[in-house]
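Asker: Protein chains in written order, with the numbering used here: chain A, 3 to 374; chain B, 51 to 315.
Keep in mind the hints are simulated off the structure, nothing from the lab.
We treat Cβ as the ideally placed atom computed from N, Cα and C, and that holds for glycine.
You may find that some hints are simply not true.
[To be verified] Simulated DEER-style distance windows between Cβ atoms:
id: 1; chain 1: A; residue 1: Asp200; chain 2: B; residue 2: Met158; range: 50 to 56 Å
id: 2; chain 1: B; residue 1: Leu91; chain 2: A; residue 2: Gln288; range: 43 to 49 Å
id: 3; chain 1: A; residue 1: Val359; chain 2: B; residue 2: Leu74; range: 27 to 33 Å
[Claimed, not checked] Among chain A residues calculated to face chain B with C-beta under 8 Å, some are:
id: 4; residue: Ser34
id: 5; residue: Met189
id: 6; residue: Thr208
id: 7; residue: Gln210
id: 8; residue: Gly211
id: 9; residue: Ala212
id: 10; residue: Leu219
id: 11; residue: Asp230
id: 12; residue: Trp252
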Amino acid sequence: MKVLKKKWGLLPTIVIAVLFMTSCSGSAPSASWPELTVAGGTVYAALTDGRVHALDADTGSEKWVFPAEVSKPSGLLGCSAPKATEGPIYAAPAVSDDLVYVGSYNSTLYALNTLAGVKQWEFSTGDRIVAAPVVVGNTVYLASADQHVYALDAATGTERWRFSAGNWVWASPLVDQDSGAMYVATMGHKVYRVRLSDGTQEWEFTTQGAIAAAPALAGDLLIFGSFDGHVYAVDASTGEERWTFQTGGWVWGTPLAVDGVVYVGSQDRKVYALDVESGTKLWEFQANGAVRDTLAYGEGTLYVGSEDKMVYALDAQTGKPKWTFTAEGSILSPLALTEKALYVVTTNGQVYALDPVDGGQLWHYPPAEEKK
Amino acid sequence: MGQLWNEFFIQPMIYASLWLYQLLGHNFALAITVLTIAVRLLTLPLTLPAQKSAKKQQELQPKIQALQKKYAKDKERQSQELMKLYKEEGINPMGGCLPLLIQLPIIMAFYQSIAKVLADTPLALYSLAGFVAGNTAMTSLIPLSSKFLWLNLARPDPRYVLPILVVFTSWLQQKIMSPGASTDPQAASMNQTMQVTMPLMFGFLTMQWPSGLAIYFVVTNIVSIIIQVVIDMQGGKSFRDVLQNLWPQAASGKRAQVKGRKKKK
Numbered sequence: 003m004k005v006l007k008k009k010w011g012l013l014p015t016i017v018i019a020v021l022f023m024t025s026c027s028g029s030a031p032s033a034s035w036p037e038l039t040v041a042g043g044t045v046y047a048a049l050t051d052g053r054v055h056a057l058d059a060d061t062g063s064e065k066w067v068f069p070a071e072v073s074k075p076s077g078l079l080g081c082s083a084p085k086a087t088e089g090p091i092y093a094a095p096a097v098s099d100d101l102v103y104v105g106s107y108n109s110t111l112y113a114l115n116t117l118a119g120v121k122q123w124e125f126s127t128g129d130r131i132v133a134a135p136v137v138v139g140n141t142v143y144l145a146s147a148d149q150h151v152y153a154l155d156a157a158t159g160t161e162r163w164r165f166s167a168g169n170w171v172w173a174s175p176l177v178d179q180d181s182g183a184m185y186v187a188t189m190g191h192k193v194y195r196v197r198l199s200d201g202t203q204e205w206e207f208t209t210q211g212a213i214a215a216a217p218a219l220a221g222d223l224l225i226f227g228s229f230d231g232h233v234y235a236v237d238a239s240t241g242e243e244r245w246t247f248q249t250g251g252w253v254w255g256t257p258l259a260v261d262g263v264v265y266v267g268s269q270d271r272k273v274y275a276l277d278v279e280s281g282t283k284l285w286e287f288q289a290n291g292a293v294r295d296t297l298a299y300g301e302g303t304l305y306v307g308s309e310d311k312m313v314y315a316l317d318a319q320t321g322k323p324k325w326t327f328t329a330e331g332s333i334l335s336p337l338a339l340t341e342k343a344l345y346v347v348t349t350n351g352q353v354y355a356l357d358p359v360d361g362g363q364l365w366h367y368p369p370a371e372e373k374k
Numbered sequence: 051m052g053q054l055w056n057e058f059f060i061q062p063m064i065y066a067s068l069w070l071y072q073l074l075g076h077n078f079a080l081a082i083t084v085l086t087i088a089v090r091l092l093t094l095p096l097t098l099p100a101q102k103s104a105k106k107q108q109e110l111q112p113k114i115q116a117l118q119k120k121y122a123k124d125k126e127r128q129s130q131e132l133m134k135l136y137k138e139e140g141i142n143p144m145g146g147c148l149p150l151l152i153q154l155p156i157i158m159a160f161y162q163s164i165a166k167v168l169a170d171t172p173l174a175l176y177s178l179a180g181f182v183a184g185n186t187a188m189t190s191l192i193p194l195s196s197k198f199l200w201l202n203l204a205r206p207d208p209r210y211v212l213p214i215l216v217v218f219t220s221w222l223q224q225k226i227m228s229p230g231a232s233t234d235p236q237a238a239s240m241n242q243t244m245q246v247t248m249p250l251m252f253g254f255l256t257m258q259w260p261s262g263l264a265i266y267f268v269v270t271n272i273v274s275i276i277i278q279v280v281i282d283m284q285g286g287k288s289f290r291d292v293l294q295n296l297w298p299q300a301a302s303g304k305r306a307q308v309k310g311r312k313k314k315k
């Protein structure tokens, strides 16, 4: 009887262990920041549910979602995570012709047709995809945390060549067809210039911090920011440093070069306007939150999204605010600007279309009733 | 409050772990191990009284139970007599709690800082920026090299070696620190259940957590075990006695066998 009592004493242990093992195995997908792209009258938004939502750019009405079905939670307690693309999405979709390319954190690039979001092909890399794919001509350039940049056939996903960067690549490669070169920034503090035809390295430039966003080209200058807080301008053909500018925080965004001015955001909560030739500061704007990769330019206005949930429309000449808009969540992802609207996505998966002139809200997704 | 917590607890821990990472040849597993040992040694003045007090109470169990039995019907008298006993033996029944409460934030901050430094997702790295962005030397170390043996320290152990080690060391630690076999069968059963449940739970959680955190758990368990063995040995026990305490039934069974053989002779 005593032995039996002792054994019953272990029963709760066994029950708890079994429930845990059968119900909650597998880690839940981690959060991400949503990203969006606008092309051909459609907003392709990769949201926090790990799915791509294709929305009408004029009305915000949903056209399709990939994947259409989310698998139901499994396990006795139902606590294993629902599966979408099998992982969150950090990368903005890329669109070319009739295909939309989506890199998922589950290491896979999906090519979907733009009409219905039906998968045409997929390509697996060795690690997570954080960078947006880049489509130039009939080639998709895909960076992966497996330390490679892949050149894939855009129609079939067949690998043409790969470049080994020696560290995680979280930034989209910058492809310059005119010079036949690709620029690859890595978390290993380096920027490489790579020959586009075969993936051969031409030069490398080292900073004191990781580089997590794509460089920008301004004439013969390659401009990029680093976690060491600096904005660097180097000669695009030789890799020689021309100037640097120090900010007070990590620079985690692609600089925007327009009409001789470089605009760059920093995690020190500031946006800087720099002279492209010398790196001299022209003006700065102080937001209430960090500014990541969230700049857009149009018609003399610089649009800035911030961690403080605000969208600021600034006079590009002076940095003076024209209007502001308050969203429901932090803005860490690039803004998309068309002639009709400024599209903004927040970290909690809200998509807004704003009037670029006055910041008036044109539509919002998901609609109010769906949010409930 | 959150800002104070980050400034006074998390940030120093993050800096310490990054400094050790740099010092130890960019090996974060080693940095976690050294920092865990350092934190446990630094908090020793806080943990030691608690562990000693618990051990003394454990030794007094027969007397406590006798008093509880004697004054079972008079609760007021029972607590008076218990307090008297504690006073005579120089034990503060709450004495073990305060030091443990004081060291809790340190342990929590250490745990959180490891999780933050091991950031390998963009969002986690973004959050880390708030702690190290102003320090160029620290920023230059990011992202950390999280490879160690077969492990990616930022992700769970794919071979389940660390979860098994966490279960074993947690069980051993509980076993070595828990009171000896209680005379109350209900308490004994509860004790036994806890000794199995808790390590299993830790093991399960480790299966989901970054393996860097699992290394922290294993090292901290081993340090606790060593400290307890040293305390026991300072109290006059031999190492053999300590081991026998772990498996009293096996030890008593052996003794019974020996006695049986002697009787036969």
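Asker: For each hint, tell me whether it holds in the structure or not.
Answerer: Consistency of the hints with the structure:
no.: 1; hint: Asp200/A / Met158/B: 50 to 56 Å; verdict: holds (53 Å)
no.: 2; hint: Leu91/B / Gln288/A: 43 to 49 Å; verdict: holds (45 Å)
no.: 3; hint: Val359/A / Leu74/B: 27 to 33 Å; verdict: violated (57 Å)
no.: 4; hint: Ser34; verdict: holds (7 Å)
no.: 5; hint: Met189; verdict: holds (5 Å)
no.: 6; hint: Thr208; verdict: violated (11 Å)
no.: 7; hint: Gln210; verdict: holds (5 Å)
no.: 8; hint: Gly211; verdict: holds (5 Å)
no.: 9; hint: Ala212; verdict: holds (6 Å)
no.: 10; hint: Leu219; verdict: violated (24 Å)
no.: 11; hint: Asp230; verdict: holds (6 Å)
no.: 12; hint: Trp252; verdict: holds (5 Å)
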